[in-house]
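J.: Based on these hints, arrange chain B on the given structure of chain A.
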Amino acid sequence: MRPVSRPVALLLAFLLIAPMAVVPTVAVAADDVKIALVVPLSGRWARQGQLKKMGAEMAIEEINSQGGIKALGGAKIVLREADAGDSVEKAVSAAQRVLTREKISAGIGSWLSSLTLGVTEVAERLQVPWLTLSYADNITERGFKYTFQTSPVSSLQAEQALDLVTEIGKKNNRPLKKAALVGDNTAATVFFFKPLREKLLAAKGIELVADEVWTPPLADATSIVQKLRATQPDIVFYGATNFPDSVQVLQKVKEFNVKTIIQGVGAWLVTPEYVKTIGKETMDGIQTVVAAHPLKGQEELVKKFKQRTGEPFMTQDPLCTYAHVWLIKEAAEQAKSADPKAIRDALAKIDLTSGPAATTLYPGRIRFDERGRRVGAIPLIVQWQDGEPFTVVPANVATRPVASYK
Amino acid sequence: MAASELAQYVATGLLVGGVYALMSIGLALIFGVMRVVNFAQGDFMMLGMYLTYYYAVALHVDPLLGALLTLPPFFVLGLLVHRAFLVRVTGGGDPNREMDAQLILTLGLSLVITNATTMILSPMPRGINVPYASRAFAVGPLLLNQARAYAFLMALLLAAAVYVLLTRTDLGRALRAAADDPEAAGYQGIDVRRMHGMAFGIGIALVAAAGGLLATYHPIEPTVAVNFIVLMFVAVVLGGLGSIPGAFVGGIVIGLVQSLTLLLLPLQLQNVGVFVTFLLVLYVRPQGLFGRRARTV
Chain A
1 MRPVSRPVAL
11 LLAFLLIAPM
21 AVVPTVAVAA
31 DDVKIALVVP
41 LSGRWARQGQ
51 LKKMGAEMAI
61 EEINSQGGIK
71 ALGGAKIVLR
81 EADAGDSVEK
91 AVSAAQRVLT
101 REKISAGIGS
111 WLSSLTLGVT
121 EVAERLQVPW
131 LTLSYADNIT
141 ERGFKYTFQT
151 SPVSSLQAEQ
161 ALDLVTEIGK
171 KNNRPLKKAA
181 LVGDNTAATV
191 FFFKPLREKL
201 LAAKGIELVA
211 DEVWTPPLAD
221 ATSIVQKLRA
231 TQPDIVFYGA
241 TNFPDSVQVL
251 QKVKEFNVKT
261 IIQGVGAWLV
271 TPEYVKTIGK
281 ETMDGIQTVV
291 AAHPLKGQEE
301 LVKKFKQRTG
311 EPFMTQDPLC
321 TYAHVWLIKE
331 AAEQAKSADP
341 KAIRDALAKI
351 DLTSGPAATT
361 LYPGRIRFDE
371 RGRRVGAIPL
381 IVQWQDGEPF
391 TVVPANVATR
401 PVASYK
Chain B
1001 MAASELAQYV
1011 ATGLLVGGVY
1021 ALMSIGLALI
1031 FGVMRVVNFA
1041 QGDFMMLGMY
1051 LTYYYAVALH
1061 VDPLLGALLT
1071 LPPFFVLGLL
1081 VHRAFLVRVT
1091 GGGDPNREMD
1101 AQLILTLGLS
1111 LVITNATTMI
1121 LSPMPRGINV
1131 PYASRAFAVG
1141 PLLLNQARAY
1151 AFLMALLLAA
1161 AVYVLLTRTD
1171 LGRALRAAAD
1181 DPEAAGYQGI
1191 DVRRMHGMAF
1201 GIGIALVAAA
1211 GGLLATYHPI
1221 EPTVAVNFIV
1231 LMFVAVVLGG
1241 LGSIPGAFVG
1251 GIVIGLVQSL
1261 TLLLLPLQLQ
1271 NVGVFVTFLL
1281 VLYVRPQGLF
1291 GRRARTV
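Protein sequences, first through last, are from chains A and B. So in this note's numbering, the last one in the first sequence is 406, and the numbering has no gaps at all. So in this note's numbering, the last one in the second sequence is 1297, and the numbering has no gaps at all.
Chain A with its partners taken away, still in its complex shape (with noise of 0.2 Å):
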């Protein structure tokens, strides 16, 4: 090898040290107690990762401005966010590091639940506690007792779903006869449609016409809406967690004039990209079943938002980061220490009726059970109107009543 000539030396010790010099000293105080959140910022699922670290950051400001967690002394909280990527090994890989580097006292994540199930296997593992809004059923299923699940699972979902869905089928004389199932096959839709295939739909007496399931991404959607256009379902049981995979479905369903009631099963459907790409003439009508989405009284939060991030409006994912957060401060407040075990304890013990994290997920009162999952949690109808998704279901908290566009 050609010995380095001294110039190339210099550089390169130069910029070996450079960067020492530019880096801050770390800021962060023995005492600030560290979130992870560990979600998809790069890959198919990056947007909602996106969304999902707004939630967290407006929590985080709020409460270090209120003086941060005051049983601590008025500890600062600060976020460690790591890329869970597109893939459960990426995912998998990133919760360990985040959580093996420094003491972490709780995480939030990851999105979309067959990610969810790899990271919390690492939580359980290293015994931090972790807080998801992912619906599938198996995430809370495993005995484990790391693993906080805040929405309604996936078949409970299906059930409460189907039920609404009747019940404004009947008021709009419009029985629901037939059905039809069209997702992919990640995990949360999987146990969505699983119960409604088995079991709901005949208890019901609503006939499945066509139950079309693939894997991301879809070449073409053409012989979906064939299906569909051949065999008239009432209603589609829609759950295209990619962006792109969606799209093409909804464009084809307009093209082939395919009239017929689509319910999604999760907040994926109601992003803004969605007005942008695809126009407010086709969403407006679209209904999905969601855990969480802004409700009547909660118009200073959305506001605050809007104006904070730019978004046009405020979905599940930044809420539910948001009610998160807000969780863990509780749980530290009641726990006395940034201790993950301690935080752990004080969260499965928890009964909280107000604060922001209550008013945020319906119906106002976090406990969890022995598996991790929120007590009386109830999913929640969202529909498109002009352009905007508003909470139509239940009438209580909706900020919107029920349209029938199509």
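For the record, the hints were derived by calculation from the structure and aren't laboratory data. Heads up, some of the hints might be wrong.
What the hints assert, rightly or not - Distance condition first, Cα-Cα at most 25 Å in a straight line; then the derived SDA-like pairs of lysine to any residue:
1. A/Lys34 <-> A/Gly73
2. A/Lys254 <-> B/Gly1273
3. A/Lys53 <-> A/Glu89
4. A/Lys276 <-> B/Phe1278
5. A/Lys227 <-> B/Gly1273
6. A/Lys254 <-> B/Gln1008
7. A/Lys306 <-> B/Val1037
8. A/Lys254 <-> B/Leu1107
9. A/Lys306 <-> B/Asn1129
10. A/Lys90 <-> B/Leu1107
11. A/Lys259 <-> A/Asp211
12. A/Lys53 <-> B/Ser1122
13. A/Lys227 <-> A/Val190
14. A/Lys306 <-> B/Leu1121
15. A/Lys90 <-> B/Ala1116
16. A/Lys199 <-> B/Gln1268
17. A/Lys227 <-> B/Arg1135
18. A/Lys259 <-> B/Gly1273
19. A/Lys259 <-> B/Leu1144
20. A/Lys259 <-> B/Tyr1132
Unchecked claim - A short, non-exhaustive set of chain A residues, derived as facing chain B with CB atoms under 7 Å:
21. Ala46
22. Glu124
23. Gln127
24. Leu208
25. Val213
26. Pro217
27. Thr222
28. Lys227
29. Thr231
30. Gln232
31. Phe243
32. Lys254
33. Glu273
34. Gly279
35. Glu281
36. Asp284
Owing to the predicted nature of the structure, the values given are computational and were not obtained by experimental measurement. We treat Cβ as the ideally placed atom computed from N, Cα and C, and that holds for glycine.
T.: Positioned in the frame of chain A, the structure of chain B alone reads:
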């Protein structure tokens, strides 16, 4: 199965395949002339989609025209990328130099482009809302999506233009000579290194235009490449590595197989048909449908 339903599946497959074909031609050209396996091809397609998007949003240019307008800037970009990076790992035409580094280079380029785009333009998906994306031409009982039909026609035109360029012009002859035998081409006074640059520029411009056409009906996000790059490679290998007509036919075949697979298999196995066909073709004709044993374009 009604004949009209079968016809609908065939028509859909053809329309989808047309854009796959255009994407794959660029890759085949680059491989044929330079012997470079360009893993970043899909990312240049994604950049083409973004440029078309900004043409549409900022200048109100229809994406079909916008796709054509991506050709010149991406040709220049291809030349620059070749000059700055690829020249160092392709040996500038010397066939005896080691070429392993090119795989790492193009893979690295792909990662850098995807992540830089995520950082700069944010991961938020964007879309060009054109009315013809959700309208169809009714041809008898068939419904042909308008955006896809236009994209298909444009893809055919561009592919034909490439064919004319390669067979009827001096530049084309020089490109083919550089592909067939770089050493002999050099003796004939052809600047092989320049031909590599041209091939890379044209290859990138074509895939960017394909991206522009795709943007009429497919949302744009930094990671869109992963959905297409594997299909591009399958099309190119299926058609015969480096063969332009082969890549075109390969692209069309993939579209058709994807669509017709659904007649036999559930939706979840949509791409299984593609890979089974791929394996069968390689088993029967290892050189691909249009491949010769020698390299050619």
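J.: Each hint needs a verdict: does it hold in this structure or not?
T.: Cross-check of the supplied hints:
no.: 1; hint: A/Lys34 <-> A/Gly73; verdict: holds, 15 Å
no.: 2; hint: A/Lys254 <-> B/Gly1273; verdict: violated, 28 Å
no.: 3; hint: A/Lys53 <-> A/Glu89; verdict: holds, 21 Å
no.: 4; hint: A/Lys276 <-> B/Phe1278; verdict: violated, 38 Å
no.: 5; hint: A/Lys227 <-> B/Gly1273; verdict: holds, 20 Å
no.: 6; hint: A/Lys254 <-> B/Gln1008; verdict: holds, 17 Å
no.: 7; hint: A/Lys306 <-> B/Val1037; verdict: violated, 46 Å
no.: 8; hint: A/Lys254 <-> B/Leu1107; verdict: violated, 39 Å
no.: 9; hint: A/Lys306 <-> B/Asn1129; verdict: holds, 24 Å
no.: 10; hint: A/Lys90 <-> B/Leu1107; verdict: holds, 18 Å
no.: 11; hint: A/Lys259 <-> A/Asp211; verdict: holds, 17 Å
no.: 12; hint: A/Lys53 <-> B/Ser1122; verdict: holds, 13 Å
no.: 13; hint: A/Lys227 <-> A/Val190; verdict: holds, 20 Å
no.: 14; hint: A/Lys306 <-> B/Leu1121; verdict: holds, 20 Å
no.: 15; hint: A/Lys90 <-> B/Ala1116; verdict: holds, 19 Å
no.: 16; hint: A/Lys199 <-> B/Gln1268; verdict: holds, 23 Å
no.: 17; hint: A/Lys227 <-> B/Arg1135; verdict: holds, 18 Å
no.: 18; hint: A/Lys259 <-> B/Gly1273; verdict: violated, 31 Å
no.: 19; hint: A/Lys259 <-> B/Leu1144; verdict: holds, 19 Å
no.: 20; hint: A/Lys259 <-> B/Tyr1132; verdict: holds, 19 Å
no.: 21; hint: Ala46; verdict: holds, 3 Å
no.: 22; hint: Glu124; verdict: violated, 29 Å
no.: 23; hint: Gln127; verdict: violated, 32 Å
no.: 24; hint: Leu208; verdict: violated, 15 Å
no.: 25; hint: Val213; verdict: holds, 6 Å
no.: 26; hint: Pro217; verdict: holds, 4 Å
no.: 27; hint: Thr222; verdict: holds, 4 Å
no.: 28; hint: Lys227; verdict: violated, 9 Å
no.: 29; hint: Thr231; verdict: violated, 13 Å
no.: 30; hint: Gln232; verdict: violated, 16 Å
no.: 31; hint: Phe243; verdict: holds, 5 Å
no.: 32; hint: Lys254; verdict: holds, 4 Å
no.: 33; hint: Glu273; verdict: holds, 5 Å
no.: 34; hint: Gly279; verdict: holds, 5 Å
no.: 35; hint: Glu281; verdict: violated, 10 Å
no.: 36; hint: Asp284; verdict: violated, 14 Å
Violated hints, listed in ascending order, are 2, 4, 7, 8, 18, 22, 23, 24, 28, 29, 30, 35 and 36; each of the other numbered hints is respected by the structure.
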